[in-house]
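Each chain, written out:
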Amino acid sequence: MLYALLCYNFESVVGCWSKEKDDAVMAKHAAVAQEFAARGKLGPVARLMPTTTAVTVRAGPEPLVVDGPFAETKEQLLGFYVFDCAELEEAIEAARSLLEETGALEIRPIAAFYPGTGLK
Amino acid sequence: MNGGRTSKGRENAVLYAILCYHDEAEVGAWPKAKDDAVIAKRRLVTDKLAANGKLGPVARLMPTTAATTVRSGREPVVIDGPFAETKEQLLGFYVVDCAALEEAIETARQMGREESGMFEVRPIRYFAPGSGAT
Numbered sequence: 001m002l003y004a005l006l007c008y009n010f011e012s013v014v015g016c017w018s019k020e021k022d023d024a025v026m027a028k029h030a031a032v033a034q035e036f037a038a039r040g041k042l043g044p045v046a047r048l049m050p051t052t053t054a055v056t057v058r059a060g061p062e063p064l065v066v067d068g069p070f071a072e073t074k075e076q077l078l079g080f081y082v083f084d085c086a087e088l089e090e091a092i093e094a095a096r097s098l099l100e101e102t103g104a105l106e107i108r109p110i111a112a113f114y115p116g117t118g119l120k
Numbered sequence: 001m002n003g004g005r006t007s008k009g010r011e012n013a014v015l016y017a018i019l020c021y022h023d024e025a026e027v028g029a030w031p032k033a034k035d036d037a038v039i040a041k042r043r044l045v046t047d048k049l050a051a052n053g054k055l056g057p058v059a060r061l062m063p064t065t066a067a068t069t070v071r072s073g074r075e076p077v078v079i080d081g082p083f084a085e086t087k088e089q090l091l092g093f094y095v096v097d098c099a100a101l102e103e104a105i106e107t108a109r110q111m112g113r114e115e116s117g118m119f120e121v122r123p124i125r126y127f128a129p130g131s132g133a134t
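Residue numbers (our numbering), protein chains in the order written: chain V, 1 to 120; chain L, 1 to 134.
The set of hints was computed from the structure by calculation and includes no laboratory data.
Incorrect hints may appear among the rest.
Output of the computed footprint for chain L on chain V, the stretches with three or more beta carbons under 8 Å from beta carbons of chain L [to be verified]:
hint, region
1, 16 to 22
2, 31 to 42
3, 55 to 64
4, 76 to 84
5, 97 to 105
6, 108 to 115
Where a beta carbon is used, it is the ideal one built from N, C-alpha and C, also for glycine.
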C-alpha cells in the first residue's frame, strides 16, 4: 500500500534554522528515505517552498487566481514523501523517525498513483 | 529530505506542486460517471505535459477519514484523523515541470475550469523521484 506522509511544520521556525540544523535534519530524513530506497519502496519526495510563494487557483466557470496559500494554518504543509509500506504501522514508524522538535506528519493512504514521465 | 543513493534529488525552481483541495463529502458523493469525467478532463491537461516529459508524480489521496497524524514531542503522539480540519481537504497533488509560474497557473486553471475546489500552486525546493514504489 502506498502512503503519503505530509509534513507540516511552522515555516517561521524552519526558515530560521541555521544551515547546520537544516543540513542535520535533511541528513536524518535521508537516512529514513534510504532504508525505503534500498528496498525499492521509496516514492517521490518533495520539499516545498514557503507558502509566501504560493498562488491559489479557485475553480469555477472562470477560475480565479489569488496570491497566497489555500489555507492559513498555524503550521504549513512543507513537503511530502510517498512510501510503499506493508501496513499503516510501518508508515507511522517512519513518521516517528522523521519528526523534529516541532511539527506533525499526516499519513494518508493513496487511492491512485502515477509516477510521471520524464522528470529527472 | 533526500531520495537517497538510488534517486539523486535536485534543487531547482522550475518544478511546481499543484495541491488539490476539495470538499471530500462532495467528491465522495460523485457518481462514477462524474468521477470518471473529471479524471478524463484532468488527463487531457496532464497528457500534454507528459508528452513533453514535463509531468512528475500524481497522487490521489484517500479521504481524511483514513488519515493518521503523528505529532512531535518528547514521545510522539499518534492520533486518528488529519492534521487540519479544513472546509476543503487536500485530496491529491501533481508535480509539474514548468518554464514559469504562469504556466503552472495555466495548468491549474485548465484543471479547474467548470469545476469546484481549489488548486494551490507551490514551487518545489527539492525533489527526488524515488525508486521503485509504484
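Requested in this report: Between the region 76 to 84 of chain V and chain L, see if three or more residues pass the 8 Å beta-carbon test, and mark the coverage as holds or violated.
Outcome: holds (count 7)
**Report entry** Claimed coverage, the region 108 to 115 of chain V by chain L - three or more beta carbons nearer than 8 Å
**Finding:** holds (count 8)
Query raised in the report: With a cut-off of 8 Å between beta carbons, are at least three residues of the region 55 to 64 of chain V near chain L?
Result: holds (count 9)
Requested in this report: Report holds or violated for chain L covering the region 16 to 22 of chain V, Cβ cut-off 8 Å, minimum 3 residues.
Outcome: violated (count 0)
Query - Cβ contact check, 8 Å cutoff: the region 97 to 105 of chain V against chain L, three residues minimum - result: That given contact holds, which follows from 7 residues of the region 97 to 105 of chain V lying within Cβ reach (below 8 Å) of chain L.
**Report entry** Coverage criterion applied to the region 31 to 42 of chain V (partner chain L; beta-carbon cut 8 Å; 3 residues)
**Finding:** It holds, with 9 qualifying residues against the three required.
Of the numbered hints given earlier, the model fails hint 1 alone.
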